[in-house]
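With the sequences and hints as input, model every part of the structure.
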Amino acid sequence: MIELGAAPSDAAPDEGAGADDQVQPRRGVLRRLRESLATSRQALSAELTSSLFETLDSETWERLEEALIMADVGARTTAEVVGRLEAEVESGKVEGADAARARLIELLAELAEVGEGTIDLRKRPALILVVGVNGAGKTTTIGKLAGRLSEMGLSVLLAAGDTYRAAAVEQLTTWAERAGCEIVKAETGQDAGAVIFDAIEKAQSSGVDVVLADTAGRLHTRSDLMEELAKVNRVIHKKLGEGPAETLIVVDATTGQNGLRQAKIFGEAVAVDGVVLTKLDGTAKGGIALAIAGELGIPVKLIGVGEGIDDLRPFDPTEFATALLGE
Amino acid sequence: MFDQLSERLQGTMSDLRSRGKLSEDDVDKAMREIRLALLEADVNFKVTKKFVAGVREKAIGAGVLDSLDPGQMVVKVVNEQLTELMGGSGRDLAFASKGPTVILMAGLQGSGKTTATAKLAKHLKGESKSVAVAACDTQRPAAVEQLQRLGQQAGVTVYQQGTERDPVDIAEWALGQAKLAGTDALIIDTAGRLHVDQDLMDQLVEIKKRTKPHNVLLAVDAMTGQDAVNVAEQFAAATEFDGVLMTKLDGDARGGAALSVKAVTGKPILYASTGEKLDELERFHPDRMAQRILGMGDVLSLIEKAEKEIDVSDAEDLERKLRRNEFTLDDFLKQLKQVRKMGPLTSVLGMMPGMGKAMKELKNANVDDRELDRLEAIILSMTAAERSNPDVIRGSRRRRIAMGSGTNVQAVKQLTKQFDQMRKVMKQVASGKMPSPEALMQGQLSAKRRR
Numbered sequence: 001m002i003e004l005g006a007a008p009s010d011a012a013p014d015e016g017a018g019a020d021d022q023v024q025p026r027r028g029v030l031r032r033l034r035e036s037l038a039t040s041r042q043a044l045s046a047e048l049t050s051s052l053f054e055t056l057d058s059e060t061w062e063r064l065e066e067a068l069i070m071a072d073v074g075a076r077t078t079a080e081v082v083g084r085l086e087a088e089v090e091s092g093k094v095e096g097a098d099a100a101r102a103r104l105i106e107l108l109a110e111l112a113e114v115g116e117g118t119i120d121l122r123k124r125p126a127l128i129l130v131v132g133v134n135g136a137g138k139t140t141t142i143g144k145l146a147g148r149l150s151e152m153g154l155s156v157l158l159a160a161g162d163t164y165r166a167a168a169v170e171q172l173t174t175w176a177e178r179a180g181c182e183i184v185k186a187e188t189g190q191d192a193g194a195v196i197f198d199a200i201e202k203a204q205s206s207g208v209d210v211v212l213a214d215t216a217g218r219l220h221t222r223s224d225l226m227e228e229l230a231k232v233n234r235v236i237h238k239k240l241g242e243g244p245a246e247t248l249i250v251v252d253a254t255t256g257q258n259g260l261r262q263a264k265i266f267g268e269a270v271a272v273d274g275v276v277l278t279k280l281d282g283t284a285k286g287g288i289a290l291a292i293a294g295e296l297g298i299p300v301k302l303i304g305v306g307e308g309i310d311d312l313r314p315f316d317p318t319e320f321a322t323a324l325l326g327e
Numbered sequence: 328m329f330d331q332l333s334e335r336l337q338g339t340m341s342d343l344r345s346r347g348k349l350s351e352d353d354v355d356k357a358m359r360e361i362r363l364a365l366l367e368a369d370v371n372f373k374v375t376k377k378f379v380a381g382v383r384e385k386a387i388g389a390g391v392l393d394s395l396d397p398g399q400m401v402v403k404v405v406n407e408q409l410t411e412l413m414g415g416s417g418r419d420l421a422f423a424s425k426g427p428t429v430i431l432m433a434g435l436q437g438s439g440k441t442t443a444t445a446k447l448a449k450h451l452k453g454e455s456k457s458v459a460v461a462a463c464d465t466q467r468p469a470a471v472e473q474l475q476r477l478g479q480q481a482g483v484t485v486y487q488q489g490t491e492r493d494p495v496d497i498a499e500w501a502l503g504q505a506k507l508a509g510t511d512a513l514i515i516d517t518a519g520r521l522h523v524d525q526d527l528m529d530q531l532v533e534i535k536k537r538t539k540p541h542n543v544l545l546a547v548d549a550m551t552g553q554d555a556v557n558v559a560e561q562f563a564a565a566t567e568f569d570g571v572l573m574t575k576l577d578g579d580a581r582g583g584a585a586l587s588v589k590a591v592t593g594k595p596i597l598y599a600s601t602g603e604k605l606d607e608l609e610r611f612h613p614d615r616m617a618q619r620i621l622g623m624g625d626v627l628s629l630i631e632k633a634e635k636e637i638d639v640s641d642a643e644d645l646e647r648k649l650r651r652n653e654f655t656l657d658d659f660l661k662q663l664k665q666v667r668k669m670g671p672l673t674s675v676l677g678m679m680p681g682m683g684k685a686m687k688e689l690k691n692a693n694v695d696d697r698e699l700d701r702l703e704a705i706i707l708s709m710t711a712a713e714r715s716n717p718d719v720i721r722g723s724r725r726r727r728i729a730m731g732s733g734t735n736v737q738a739v740k741q742l743t744k745q746f747d748q749m750r751k752v753m754k755q756v757a758s759g760k761m762p763s764p765e766a767l768m769q770g771q772l773s774a775k776r777r778r
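Those protein sequence lines, which keep their order, are chains H and U.
Note that the first sequence ends on residue 327 in my numbering; no numbers are left out.
Note that the second sequence ends on residue 778 in my numbering; no numbers are left out.
What the hints contain is simulated information worked out from the structure, not anything from laboratory work.
Note that the structure is a prediction, hence the values are computed from the model and not measured.
Glycine included, each C-beta is placed from N, C-alpha and C at the ideal position.
Zero decoy hints are in this set.
Cβ pair distances, simulated, as ranges:
#1 H/E295 / U/L507: 53 to 61 Å
#2 H/R124 / U/L507: 53 to 61 Å
#3 U/E703 / H/E268: 21 to 29 Å
#4 U/N716 / H/D224: 33 to 41 Å
#5 H/G96 / U/A380: 29 to 37 Å
Shown next as structure tokens:
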């Protein structure tokens with residue numbers, strides 16, 4: 001069984017290696033992550049200092065609301081979380097600054113922990129369909145995934161399913177070269193469905209482990225393009241005898257409340273299993289992921305933290321929640 | 328979504344309306360709703376706070392307390408404030424007196440710079456300028472190829488030197504080439520970069536130094552959330568950009584980022600990118616953006632969207648009918664069907680004024696088809712005369728139509744009311760005027776008044 005899940009040793013190096021990690025601890029990657037997160041932290045004017053929880057008064061709750069809303073968590077989810085914490089503090093269930101802070105992180109992490117946290121790649125071939133709006137980072141994410149899976153010893157085949165955008169195929173081809181894997185491109189006149197069909201066929205006949213299918217960026221408001229996506233999904237169903245092993249929607253961490261709408265509408269066209277939250281190396285916190293998890297039950301599975309092939313990490317709810325508070 | 332915002336505001340206004348005179352409490356209540364709505368529209372938290380405080384001042388100061396029409400007054404004030412905040416500068420691109428006008432594009436990864444570069448090139452070419460673009464994104468795989476293809480489509484020269492050379496040098500070289508060729512405008516595409524990436528921000532500053540652009544444009548994705556202010560501030564600090572180009576406005580993001588960026592940097596938003604095709608670039612309209620953020624109905628965009636989907640003869644037909652005020656319920660149904668092709672009905676209808684309350688009932692999935700069928704049934708149960716002149720539909724006619732369509736009198740009434748309102752608005756539009764915010768709210772408010 002090969003899973004691309006949270007590697008305990010990567011997430012908490014100070015606490016020692018987890019029992020069952022299938023991904024080897026990679027110190028270099030970890031250092032790079034810390035550094036990239038450090039960039040964000042330093043550049044941010046800290047909205048929340050550790051002193052916030054010293055006195056638990058109405059100002060605390062207001063500033064907390066402010067911080068969460070500014071992290072794109074959204075007014076509704078923020079109100080729910082802060083309200084809950086406030087109630088617990090007032091009832092005495094949670095006492096003191098440290099407990100309050102810890103409980104808050106717990107509440108936020110809980111919100112994020114929905115659905116299946118890992119990506120199950122046991123099928124052969126395991127097809128991962130990658131969808132999302134324009135500019136979210138689909139192609140780059142596929143490049144990173146290809147690199148990671150290849151390193152894990154899996155054979156990977158890319159399907160250049162973006163048959164629309166100028167030079168999209170060339171872009172993905174570069175990633176195929178970087179990851180050291182093959183790529184199936186469109187013959188003249190072929191559409192996305194046909195390319196992915198061909199890729200599956202090639203994977204089936206040559207025993208490839210994983211197919212990563214790229215698709216064109218599309219706004220969810222384009223019902224014709226959403227229908228096209230649904231059609232691609234049907235083609236996959238027909239060829240594989242079942243749906244993709246995993247359908248990932250790539251969401252830019254800088255996205256505001258519209259991210260929820262995106263996930264909802266995409267989820268109506270194809271069965272979205274998880275979110276890849278990209279560009280977390282900036283100053284955006286990606287709080288919208290909480291709304292997506294909470295309201296749609298779709299978990300974040302991976303995060304993107306840079307443009308390099310190694311800049312892909314498993315999602316850790318507690319780490320994410322802590323980062324939301326800007327500490 | 329728009330509907331939530333217009334719903335809330337309308338709900339608030341109704342409350343205010345029915346009470347007659349306003350107390351400060353009522354104004355505060357309204358401001359609370361507006362604050363919530365703006366946050367949901369992704370307007371930055373602090374910008375929202377300041378804005379709401381400002382509106383409150385104006386609202387009370389403007390004599391809402393004395394006015395007989397407090398609801399309309401507050402809406403008017405909010406809309407005016409927003410519009411003022413969003414624009415008012417009337418600024419355009421700066422052009423060189425001699426030599427090429429240089430435009431430098433900047434922004435985050437994925438913000439739409441490269442597409443925007445090609446669009447802007449085509450746009451300027453359309454204004455009889457000779458244009459060239461420079462491919463200075465050596466970072467993103469195949470970015471150069473992308474600009475080459477798009478440049479070809481736009482029919483402009485593309486200056487590139489591959490990806491091995493320093494983008495700063497490529498930019499400088501491209502400018503030299505443009506000067507030699509006597510090009511009117513040179514647009515420099517650059518790599519997407521994080522505002523907190525010191526090295527790349529330094530590189531951008533260097534490109535600016537070497538090419539001395541007349542315009543530095545920041546591309547901002549319309550769906551950007553709270554972080555928009557951080558991005559804008561950092562880019563402003565580093566490059567003192569001249570204007571903003573909002574991208575992906577064809578989506579349904581409310582676009583609060585536009586307000587945030589403008590409020591925090593004071594830089595004008597010059598252009599709006601509304602699709603992936605090269606001609607989908609337009610001047611930014613602050614009044615329309617304000618209405619979009621407020622959810623008061625982006626009617627013009629709706630009509631424009633509709634026009635895109637209709638073929639030319641149909642569009643001419645429609646225009647003629649609008650001008651002659653011959654727009655009938657049949658046309659209305661036709662438009663609705665057309666418009667359905669371009670987006671979930673809920674999102675498109677949400678753009679229509681007064682539909683906010685109706686939308687509440689349509690919350691669940693697949694109601695778009697059902698509702699459309701319902702509307703169609705109502706319209707088909709009308710006589711030709713009734714369809715051409717829905718004003719005659721009263722009492723017994725209404726009952727007959729309700730029975731014939733298997734709906735009820737209320738539904739028939741609502742359809743004719745909404746059609747009437749749309750007709751009024753479209754009439755204003757056809758005569759070249761922007762529908763006034765008050766006109767957009769008319770449907771909701773007058774209904775209350777009749778009681």
